[in-house]
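Asker: In case you want the letters, here they are:
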Amino acid sequence: MATVMEMRRSHGRERAKRRVDWIAYGYLSPALVTICVLSILPIFYTIYISFTDFNQMHFLSYQFVGLKNYEELLNPHDPLSNLFLPTFIWTLVYALCTTALAYLVGLFLAVLLNNKHMRERTLYRMLLIVPWAVPNLISMLAWQGLLNDQYGQINALLHGVFGLPRIPWLTSALWARIAVIMVNVWAGFPYMMTVCLGALQSIPTDQYEAAEIDGANWWQVFRYVTMPSVWRISLPLLIPSFSYNFNNFNASYLLTGGGPPNSNNPFLGQTDILATAAYKMTLTFNRYDLGATISVLLFILVALISWVQMRYTGAFKEVDA
Amino acid sequence: MAISSQSFSTLKSQHPIASRSRRRRSMRPGERVALWVSRIVIWCVIVMVLLPMWFVVIASFNPSNSYISFSLFPSNASLANYKALFQGGQFWTWVRNSLVVGVVVAVAQSFITAMSAFAFSKLRFYGRKYGLMTLLLLQMFPNILAIAAFYTALAKLNMIDMLGSYILVMLGTSAFNIWLLKGYMDSIPRELDEAAVIDGATTWQRFMHVTLPLSTPMMVVIFFLTLVGIFSEYMFAGTILQSPWNYTLGVGMYNLISGQFAKNWGEFAAAALLSAVPLAIVFAVAQRYLTKGLVAGSVKG
Numbered sequence: 001m002a003t004v005m006e007m008r009r010s011h012g013r014e015r016a017k018r019r020v021d022w023i024a025y026g027y028l029s030p031a032l033v034t035i036c037v038l039s040i041l042p043i044f045y046t047i048y049i050s051f052t053d054f055n056q057m058h059f060l061s062y063q064f065v066g067l068k069n070y071e072e073l074l075n076p077h078d079p080l081s082n083l084f085l086p087t088f089i090w091t092l093v094y095a096l097c098t099t100a101l102a103y104l105v106g107l108f109l110a111v112l113l114n115n116k117h118m119r120e121r122t123l124y125r126m127l128l129i130v131p132w133a134v135p136n137l138i139s140m141l142a143w144q145g146l147l148n149d150q151y152g153q154i155n156a157l158l159h160g161v162f163g164l165p166r167i168p169w170l171t172s173a174l175w176a177r178i179a180v181i182m183v184n185v186w187a188g189f190p191y192m193m194t195v196c197l198g199a200l201q202s203i204p205t206d207q208y209e210a211a212e213i214d215g216a217n218w219w220q221v222f223r224y225v226t227m228p229s230v231w232r233i234s235l236p237l238l239i240p241s242f243s244y245n246f247n248n249f250n251a252s253y254l255l256t257g258g259g260p261p262n263s264n265n266p267f268l269g270q271t272d273i274l275a276t277a278a279y280k281m282t283l284t285f286n287r288y289d290l291g292a293t294i295s296v297l298l299f300i301l302v303a304l305i306s307w308v309q310m311r312y313t314g315a316f317k318e319v320d321a
Numbered sequence: 001m002a003i004s005s006q007s008f009s010t011l012k013s014q015h016p017i018a019s020r021s022r023r024r025r026s027m028r029p030g031e032r033v034a035l036w037v038s039r040i041v042i043w044c045v046i047v048m049v050l051l052p053m054w055f056v057v058i059a060s061f062n063p064s065n066s067y068i069s070f071s072l073f074p075s076n077a078s079l080a081n082y083k084a085l086f087q088g089g090q091f092w093t094w095v096r097n098s099l100v101v102g103v104v105v106a107v108a109q110s111f112i113t114a115m116s117a118f119a120f121s122k123l124r125f126y127g128r129k130y131g132l133m134t135l136l137l138l139q140m141f142p143n144i145l146a147i148a149a150f151y152t153a154l155a156k157l158n159m160i161d162m163l164g165s166y167i168l169v170m171l172g173t174s175a176f177n178i179w180l181l182k183g184y185m186d187s188i189p190r191e192l193d194e195a196a197v198i199d200g201a202t203t204w205q206r207f208m209h210v211t212l213p214l215s216t217p218m219m220v221v222i223f224f225l226t227l228v229g230i231f232s233e234y235m236f237a238g239t240i241l242q243s244p245w246n247y248t249l250g251v252g253m254y255n256l257i258s259g260q261f262a263k264n265w266g267e268f269a270a271a272a273l274l275s276a277v278p279l280a281i282v283f284a285v286a287q288r289y290l291t292k293g294l295v296a297g298s299v300k301g
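Chains W and H, in that order, are what the protein sequence lines are. Per the working numbering, the very first residue in the first sequence carries number 1; after that it's consecutive. Per the working numbering, the very first residue in the second sequence carries number 1; after that it's consecutive.
Note that these hints are calculated values from the structure, not bench results. Be a bit skeptical, because a hint or two may be false.
[Claimed, not checked] Chain H regions said to be covered by chain W (calculated; three or more residues, Cβ under 8 Å):
no., segment
1, 215-223
2, 234-243
[As the list claims (entries may be wrong)] Subject to a maximum C-alpha distance of 20 Å in a straight line, what follows is the list of computed SDA-like cross-link-like pairs (lysine to any residue):
no., chain 1, residue 1, chain 2, residue 2
3, H, Lys156, H, Gln139
4, H, Lys129, W, Trp307
5, H, Lys129, W, Arg311
6, H, Lys156, W, Gln56
7, W, Lys116, H, Met27
8, W, Lys116, H, Leu35
9, W, Lys116, H, Arg28
10, H, Lys156, W, Ser263
11, H, Lys263, H, Tyr82
12, H, Lys156, W, Phe64
13, H, Lys156, W, Ile43
14, H, Lys129, W, Met310
15, H, Lys263, W, Gln150
16, H, Lys156, W, Tyr48
17, H, Lys129, W, Leu32
18, H, Lys156, W, Thr52
19, H, Lys156, W, Leu41
20, W, Lys116, H, Val41
[Said to hold, decoys possible] Some chain H residues close to chain W (C-beta under 10 Å, calculated; not the full set):
no., residue
21, Arg39
22, Val107
23, Gln109
24, Ala153
25, Pro189
26, Gly229
27, Asn246
28, Leu249
29, Ile281
Since the structure is predicted, the reported quantities are computational estimates derived from the model, not experimental observations. Built from N, CA and C at the ideal position, the CB exists for glycine as well.
All chains should be built: construct the whole structure from the sequences, respecting the hints.
Answerer: Take a look at the structure:
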């Protein structure tokens, strides 16, 4: 930007204008076309559907119904509000717990691994990265089998070795929720660990020397030297991972299918998040109108989260450069 | 602990003669205890993390999957599950479908991404400043949430259950990849591009002969990430593809396990192993470059 300003001053306005490469739009057009057709258009169509009564009953002759769908989902006195509010709360809890726990585990392991005396640490790092390397779809489906309360190996292990009773992992509401969070921490911590290790290794050593000269103890060094740097580097990557988890389909859909069923809600199960709710309303119950409305509400929430994140972290800032 | 190791490394650089044995001796007792405690903690974590995966490996070699008891090694290992998987004939169809979709989408996306990243990195145009930011914000909303729109549009156009429509839906460009590649292209010395301009190169020549060859490592990463992404995509594939011969690997495996756990667990485990190992290797190679780029990006910001 600065160079452009200088150039304007020295060469005048025409010169600066001539520097626009119009051909750039040609290079951008394939991306813009696919993004328009496959992202923007569907979003607008979704918004449009959310104002209609488009569902299986009205597949060919649907009508504009205004805000009716939104009222049904958001008004706590309406029976359909069961669809939105509890699911929303669980989505928040799930995304927060998963991101925070994965980050803590990842940071903890990164601090342990960032020890120069541990010469075999590359091996540990490779082993610990395995859950990230296995495609998410495969590991989630594998966990579905492992956590099966009748035949699954996890219960066999707990029962056979520790003598614990069989845990109804995927059939009780509480355990299913614990399982979903646990499995996603399992899948998510290697990413956090890698990021934290990168951050730890980028801290200049003179900061540690200065701290040592000042007589800081281990905790003070961690608190005032290590953490600020790690935090600064990992925050821009932490918040996108929150919004990723917010919409993480695989998490609940492939592991529990959203189940176990909910007694006061015929449509959604106990571990359904908003994203799977939108999916199920569309494909299982053919309520395109409600599915689209949930999507739009989710879009607003994600946009808010993203805005806050960009505002406070300056992530992707160099895009302006 | 962190402080001691870090200050130690600077100490070492001041005394380059310090040999390995001396380095060991200079560990204080407190550090030695800390080192062994962290080792033991890490071993425990590794066992907890990898044991579930090991169970899948065992299951794939375990011929009888009607009842599963706890064991660390398969009792009477055999390749029965693998045989069943191959004889079913479907497995290779799913792999082929995933490969076809994956390669087509990855080639197309790599090229589209390269062109836009080149524009954002090397060319000047109106909208350059906020364009990428806008696209990134827009894609905070994943395509799959517009599933109602996609599904009803495809249903009305009679395009459900076609591999082609799945490829089409997956073609959407990822703004994140553009951002990643743009960052990489920014690090290519400006002089090279300027030299090409002085030599009278056209924009296309600057793109094809200067910027693109120098961006090969990141291009490879984007290609493989897209390919692996297709292999682990279920939501769209499960919606659009409905006949077994059109299934991708993900949909096929989902149908193997969901609801028929006891019957197909062994076969599923074999399929999981066969597909996860090559993809995990590809990923392990790609993620090294990727994390470098990610961390470099946020350090810069």
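Asker: Out of the numbered hints, which ones does the structure contradict?
Answerer: 1, 3, 10, 22, 25, 27
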